[in-house]
Amino acid sequence: MQMLLSGNQAAAWAVKLARVQVVSAYPITPQTSLIETLAQMWAEGTFAGDFVVVESEYSAMSYLIGAASAGARSFTASASHGLAYMHELLHWAAGARLPLVMVNVNRAIGAPWCLEPDQGDSLSQRDTGWIQFYCSSVQEILDTVLVAFYVAETTRIPCMVIYDGFALSHIYEILDLPDQERVDEFLPPPPGEPALPAPEPVNLQPLVTSQVMTTLARSRHRAMKTVPRLLGELETSFQKVFARSFTFLESFGLAQAETVLIAAGAPAQTVQSALPDLNRKRGKVGLIRLKLFRPFPGAELYQLLENTAVEQIIVLDRNLSAGAGGIFAQEIRSALQQHGFQGKVLEFNLAGGLDLTPAMLERGLAYFEQVSPGEQKEPLWGGDLL
Amino acid sequence: MKKTILSQLELDEKLFSGHSACPGCAAVLTVRHIARTLGEDTVLVITASCWSVIAGAGPLRALDISVVHCPFPSGAAVASGLKKGLQRLGSPETRVVLLAGDGGTFDIGLQGLSGAAERNEDIIFICYDNEAYMNTGMQRSSATPYASYSTTTPAPLVNKNPKKDIVHIMAAHHVPYIATATIAYPSDLVAKIKKAMEIRGFRFFHIFSPCPPGWGSESHKSIELSRMAVETRLFPLMEVIGGREVVLNYLPEKYTPVEDYLRLQGRFSSLEPGHVMMIQENLERNWDYLQRASKRYRYEDEYWS
Amino acid sequence: MPAPDNVLGIDFVISRGLEPTLVNHTGFWRFLTPVREEKPAPCRQDCPLGNGIPHWMQKLQEEDWSGAWNVMERYNPFPALTGYACYGYCQENCNRSFYDEGLDIRELEKAIGLWKLEQGKAGKIQFRPFEGIQPGVQGAAKSVAVIGSGPTGLSAAYYLNRLGVNVQVFEKLPAAGGLLATGIPPERLPREILQQELGLLQQAGVSFVTGIEVAAGDNLKMLTDSFDAVLLTVGAQKRRFLGIPGERLPGVYNALDFLRNLYLDGERGLIQNKGRVLVIGGGNAALDAASALRRQGAADVWVVYRRGREALLAHESEIRAAEAAGVRFLFHTRPLSLYGESALEGVRVIKTRPSRREEELHDLTGSDYTLSCTAVVLAAGSESGLNDLFPQNLPPMQPGVEENLFQILELPAVCPERGSLCLAAGDAVTGPQNIALAIAGGRLAARHLLERFYGKGYGHDFFGKDEAQILKAPPVSYEQLAPHYYPHRGRSDVPREEAARCFSCGLCSHCGICWFFCPDVAVEKESGEYEILLDYCKGCGICAAECPAGVLEMKELKSDADAVER
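Residue numbers (the numbering used here), protein chains in the order written: chain W, 1 to 386; chain E, 387 to 691; chain L, 692 to 1257.
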């Protein structure tokens, strides 16, 4: 069914279609309309799960840890400071291998107050052990939430679906809304037994030694590493059920490209739409859309670039690790270097949630044409191009 | 008394020997009997506290009921979510009981506690109050009494703030059931747990729990100190029903002077006579208030309804 | 290491504790060990019988009357007699009196005694032979002649008979009972109770011969020839005189004679005396006689005593009874002579300087004066009946057994030929004492005889473990108890309730407090007893601090084995 929905509404629909049993949330801009949509569905009785508004993001995530321990399919959504407030619990959920799914709507973290879609909030949670997806369209938000449940429940690793505040959360797009039967076919009830109630009394998540902790860490790492393979297998079944594709790494115009832009989230959509124009004006530009950030698909990324003429990669980061640079850029540089990529990885930084316009893109590419390899001392600041 | 104690003998033991609580720990003893009373269809949620260690490290477990650990401030919400999850997945009768120390209740856990109480979550929140952060070695909390030493309020300055009145904070949430208890009065404790088990909604227990190493008291005095806390009226045994009906369960026949109680504890060793007088006066005021409240609240109830 | 649990080939491990902490033997943390030791309760220490009061209190609490009697019987076969007539030394230092009100132990003892009489009459309890008697012994039945049917004689007869010995009791008076019949007012000991006890003894197989006085010489020899042993329980009723002029005048009576004639024959001559009667002496007999006189109607009765009230030898209850009966007292006064022409007319007395009982007495020179009276009752004490039995010279005696105050004597010279035994016990050995000690003497004599007959250890099955060691320890003090588990409550008329007030000082009452308050689950109920699991006990000491009976104590032990032995 074709529908006109905002990103937040699409996420809410996905939650409903996934037959989520427990939702616990706390409002924060720009996530608010997501939980409002769910609340409305809940009030109307179309959302059959429990919807609990708690007194903080901290408790929202805690609540889900409890619910998921009993095996309930659970969901929450947050943004920015709210996500930061959940921080220790994100670690806990991952350590307890609870298949939670949450949406984070990117928003800058203060000080000062800023509502723009900086990715720093979700990237601050990079090492909490959650799978991270960055979405670029309203349709993709809906699809990714469904996939996230599948992946989380299969790997028992919690999964964060991330998209840009306002640019996606509040933008309306026409999407294909699957009917319930198709979703049910794609997403069966979670496999395995819940931790509680246990058949025999159990002491769950007790104090352990470093030897146990290292075993647990390695296990989580190994499970994480299976995610790209799992997503690869999923492509077929997703295609079969929903008659559209789902990929975690998408490329455009790589065959001819000498310069490739790598972007995640809404900026990727901007680049994609500007690509024909850029190729006409600047020539030989391609795009790689990074959708999966954790686990980092380094090998898969390199495979895309292998046997191409790409010499220069420009990473669009709407985030900043002050003193180091864009976070995507660092990860991409390190992964490609590891695989033997010879070209340069350059940084185009939109920290603070700068909106990327085609004009800025063009100016940026012009700048990078002037930079001879190895001379970029610091990122190209998007703010300088305004 | 004897009957209550011996009737407990018929229930299955839910605590194993070999746990790592310090000798004379009142918290472990209290939970031992609470767990017996609760029975096996119970999940105990434990926030960071001495009990995080007592419940068993590594592959071990000290309790014969299921336990799930959770981060320090998260207890009330984890327990609430767990209850919801169990209800959704076909175990609606399984009781969810949260065990938190005074830190996880009075301090870092207060927000989550308030939230769960306000939502009237169907859980039993048990705060065992040993009046400081004991698992980390006796740092002050907002449950630490006035004039007590702690490693963060060393002598001669000692703790200058009075203990937070958690029962009244909880009473203001108008939850179905609040009770105070101590292991020194087993029939009272067991009866209150049983009563709470019959009530739906949020139930809060404030349990006084001496800690020999932290308090600098002799390990065999834990029960005596609990008893003295009640006999001095420093820790009145009471219930608050629906937030408005205050019931004083025990009126001591003879009031033990608070000095007798303080003298048994190293943490009050730098106490001056002025301190003792202030503690006694404060206690009298509180008792006076409670005695009036235990009648007046009922009256007001009629007035407002 | 946590157990791996692969779902769809994906690594999945979570941390789970499944194994009980029992593998941690926390007992090695301990430096003090709780040790359970029975200690004497003050009531037991004060009781001349060493009666295991807390033991039968526990049975009474459960309304287990037959259990209570079984315990009682080991210490005291006549609880009805003592329940009525004992002064109740056991109640004097009851720890409960520091808490609210001391226990009414004597009432409960009496209740058990009355239960025993009732059951015995109905034939519902048996007194012979004891089921635990060793096989092979019954065939060689022994026989004992008991001379004197006072409390000592009856007690010895009871136990000997109970353990398979044939017993014949000889009494010189027409009725059995000794001092119980002749010395104790019927108000204190109803005579039908005594009759019932005697009846049960006969029913159990003890035979009584009354009205026959045994005398030294052929008479006694006849008995030693025909019995395996002769037990002399002749009491201490040989009258003593003051050794002053006029003691043989008409109108001068002896207190014991007066009481015996009153209680046994209803002789009331003295009572009808309209004038003043002086009772001289300060012991129980003096006060008893004075009270009896007043109660029976004598108008003007005085007790004349050489020291003050605090030095009176009589039991406080007797003094109070006399005061209540309207007896008047003349203290610090000593008789010099009794005078009269043909009958008593008065007494010459002298004042004495106030002094304590252990101090020498001094007259106040020149303070003598004359007291007119119509009768004098002398209660100048009495001495062992053995002196009556052997008026010429006492045969050599040697101590039999000494256990606290209980003493018996062996008289080997009395019966050398046949190898039979002759023993003395009770007041005859100790001098005038009290009913409880007299019963204890009989019990001791019986045990001694049984061991002489059948070898050491015989009868232990019946009498239970040797408690001499226990009773030597200091009594449990109030401070050693944790009484707060008992609600404050005064005495109750209901035996079960009154018994439930017993703190069970020094004796495990199986209250389960040690088990309940053990933070380490290191107390286990094993075959009815609470045992400390030393593998896990961390030695916190809560069990000992909270033990209401003061039975547990923290001790530094060299090894766990030390604790196990105890």
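Treat the hints as calculated values from the structure; they're not laboratory data.
It is possible that some hints are incorrect.
Stated by the list, open to error - Taking beta-carbon pairs under 8 angstroms as the criterion, some of the chain W residues facing chain E (in silico):
(1) Glu55
(2) Tyr58
(3) Tyr63
(4) Ala70
(5) Pro189
(6) Pro191
(7) Val208
(8) Gly253
(9) Gln256
(10) His339
To be verified - Listing some non-contacts, in silico: residues in chain W with all C-beta distances to chain E over 10 angstroms:
(11) Asp50
(12) Ser69
(13) Ser74
(14) Arg126
(15) Asp184
(16) Pro197
(17) Leu204
(18) Thr209
(19) Gln239
(20) Gly323
(21) Ala359
Since the structure is predicted, the reported quantities are computational estimates derived from the model, not experimental observations.
Backbone N, C-alpha and C define an ideal beta-carbon position, used for all residues, glycine too.
*Among the hints numbered above, which are violated by the structure, and what are their numbers in rising order?*
5, 6, 8, 9, 10, 11, 12, 13, 16, 17 and 18
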